[in-house]
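Peer 1: In order, the protein sequences belong to chains A and B. Quick note: the first sequence uses this note's numbering, first residue 1, plus one each step. Quick note: the second sequence uses this note's numbering, first residue 1, plus one each step.
Among the clues, some could well be false.
Pairs involving identical chains hold if they fit within one copy or between any two copies, as the list cannot separate such chains.
To be verified - No farther apart than 35 Å at their CA atoms in a straight line, the calculated lysine-lysine pairs in the DSBU-like style are these:
| # | residue 1 | residue 2 |
| --- | --- | --- |
| 1 | K142 | K233 |
| 2 | K241 | K327 |
| 3 | K202 | K250 |
| 4 | K142 | K327 |
| 5 | K201 | K68 |
| 6 | K250 | K207 |
| 7 | K250 | K201 |
| 8 | K331 | K233 |
| 9 | K241 | K210 |
No lab work stands behind these hints, which were simulated from the structure alone.
Protein chains: 2
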Amino acid sequence: MSVGIVQEQTVTLNVDLRLESGRILGPITQVYESYGTLNADASNAILVAHAWTGSAHLAGRSFEGDTKVGWWDAIVGPGKLLDTDRYFVICPNVIGSCYGSTGPASINPKTGKRYNLTFPVITVRDMVRAQALLLDHLGINKLVTVLGGSMGGMQALEWGTQFPDRVASIIALATTAAPSPQAISLNAIARWAIFNDPDWKKGEYRKNPKDGLALARGIGHITFLSDESMQSKFGRRYSAKDGFFDFFGKFEVERYLNYNGYNFVDRFDTNSFLYLAKALDLYDVSLGYESLHEALDQIRCPVQLFAFSSDWLYPPYQTEIMATVLKELGKEVEYHLISSPYGHDAFLLEHETFAPQLSGFLEKVQPPGRQKL
Amino acid sequence: MSVGIVQEQTVTLNVDLRLESGRILGPITQVYESYGTLNADASNAILVAHAWTGSAHLAGRSFEGDTKVGWWDAIVGPGKLLDTDRYFVICPNVIGSCYGSTGPASINPKTGKRYNLTFPVITVRDMVRAQALLLDHLGINKLVTVLGGSMGGMQALEWGTQFPDRVASIIALATTAAPSPQAISLNAIARWAIFNDPDWKKGEYRKNPKDGLALARGIGHITFLSDESMQSKFGRRYSAKDGFFDFFGKFEVERYLNYNGYNFVDRFDTNSFLYLAKALDLYDVSLGYESLHEALDQIRCPVQLFAFSSDWLYPPYQTEIMATVLKELGKEVEYHLISSPYGHDAFLLEHETFAPQLSGFLEKVQPPGRQKL
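Chain A with its partners taken away, still in its complex shape:
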């Protein structure tokens, strides 16, 4: 069943958040959506953390007649995997994004102008610290779980390591303790594509620099798919409109990247894209610790990790390293490798495959009837 029509909420906190970089950010606005009802002792909350270009609009529709549902509607609702008859599910938009929370496209109240490149570089840890402030504001001390894929998975890891007393469990999908140089290099190409666009104007554009941003997004799509999914989706089919020997002729896969790249220009801010790409690349759960062991040793709750066989952006071996270290540390950890052709995107598409494990894990964390975390 659907959660129906959902309004996003906005909270502005008059804080000066000291970021990982040492710089100060404040006041901080955060937009979120929530589904289900928070119980009396606020012990049934689940936080779903979104990925790079995601938003707070996790589930349901935004208005009567809205033809699109939230980005992970399939798993949130009455009777669904995250059962809103039971859980209060909250999805905050991360700081740095352009979907309502404070980011480079926001007006800096101190200057009255858009931050643009005066916005500080933020980390996934900063995002999570802002989320903790939001939960303070909402009177939620502890979460049943934090669940997310990709950058959402990084947020789950940060909740586990930075706020070990505030999570009863974490669930991270298609993520990594720190992106590989190959993953970084692909984001580097995306950044470069934007920097090359004269319309970017060092972040001082009025309108998105469309060619640079579309190209940057095109690169992203390659990393979200897999060799296998591209084979079955496009193969080597050539655009029917173009001659095979036309200089500007395109393969179908090429058209797909173009089409989706330019579509993206209408829905995402270029500077936000750059800041979040940076946060992804800088991400390292070990930052500030001597080792991965020391970092993961902060965790004091059960951990569930999912990796997807054809994900080459954050390949399974990277999740396996975390699972191994957590086991060595004597932590309660489940690791599931899901066989899927869908590449990195699999975490959004394979929910029916991993639902049994995920709901089994949640039952263990908070058996029905037990409310106290």
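Got chain A; can you put chain B on it based on the hints?
Peer 2: Showing chain B alone in chain A's frame:
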């Protein structure tokens, strides 16, 4: 031993070559280098085919005091893998390139101006047909072998299928019967990066559009390396010059891509890069045949195929498909999977690893003392 100082040769043929596209190209200039001596009955010639941005300068030095040797000097010379005491080794620059053979940067004798985008789209088959004309001119009817990696391997396959009577063997490394949509998509991004550069001017630039071409080359480098080689070469090291939280701060891998990208601008023509990228993407040994089986059934000589474990541009499974089909057809085929961390570049770097198999294969094709092909 080195082949010493080598002069490139230039041959212009007054022909009208009917290309795969149906368009006509002519006259055709081809530059080549050769090493060793062609024997009396011209039965000791080996053709080495270069890759995308390669040249005819396969081995040796171009002048006294030249500090750089040719691109595959390690395997060509007296006593080396391709022993120039025994073989006459020839390396032609492909048409479409910018290193002397007719390409988009050449002057069209019919107009007195650079071809630029009036240059016809060419295929790997067209390159090989031009090479066959060059060999006619040189009086070489049959080759001991055609050897090449990547686009060079495609040329070897075309020699085997299009000129079965003119090759006693073919050796293809790190190649594919047809690039996957993933490989195509990465070239598509490279093209797009150039198209986005206002200095490209639809090919009518005077100076290379440097930002677009450098970026395009950066993408190439990612595909030539591997996750593993990037890990050991760069890891997640951050540039010592940059602050970790600087917006424009760079990882070492990012600096490497930038540095090599801009270096490339000084040595390669943008339009050539685009035409050859197109030839790579269009490549399909089956073009004009009913099936891969029918295409490979044209081959009438022993075939040796090498794939490299960490090559994700043309992954081993693609070579295995060819090996399987050739076996099914009853052809004489050797397939070797070389374990290497170097990605696609491995074909240039692992010569010591594959030397025993390659020289064993050559001995079988032309035992010492036997000259007749």
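Peer 1: Work down the list of hints and note, for each, if the structure agrees.
Peer 2: Each hint, compared with the structure:
1. K142 to K233: Neither: 43 Å inside a copy, 42 Å across copies.
2. K241 to K327: Neither, since 55 Å and 38 Å both go past 35 Å.
3. K202 to K250: both (31 Å within a copy, 16 Å between copies)
4. K142 to K327: within (24 Å within a copy, 63 Å between copies)
5. K201 to K68: Within one copy only: 34 Å inside, 40 Å across.
6. K250 to K207: Answer is both: 28 Å inside a copy and 26 Å across each meet the 35 Å cutoff.
7. K250 to K201: This pair counts as both: shortest intra-copy Cα distance 30 Å, inter-copy 20 Å.
8. K331 to K233: between (40 Å within a copy, 33 Å between copies)
9. K241 to K210: both (24 Å within a copy, 31 Å between copies)
Of the hints listed earlier, those the structure fails to meet are numbers 1, 2, in rising order.
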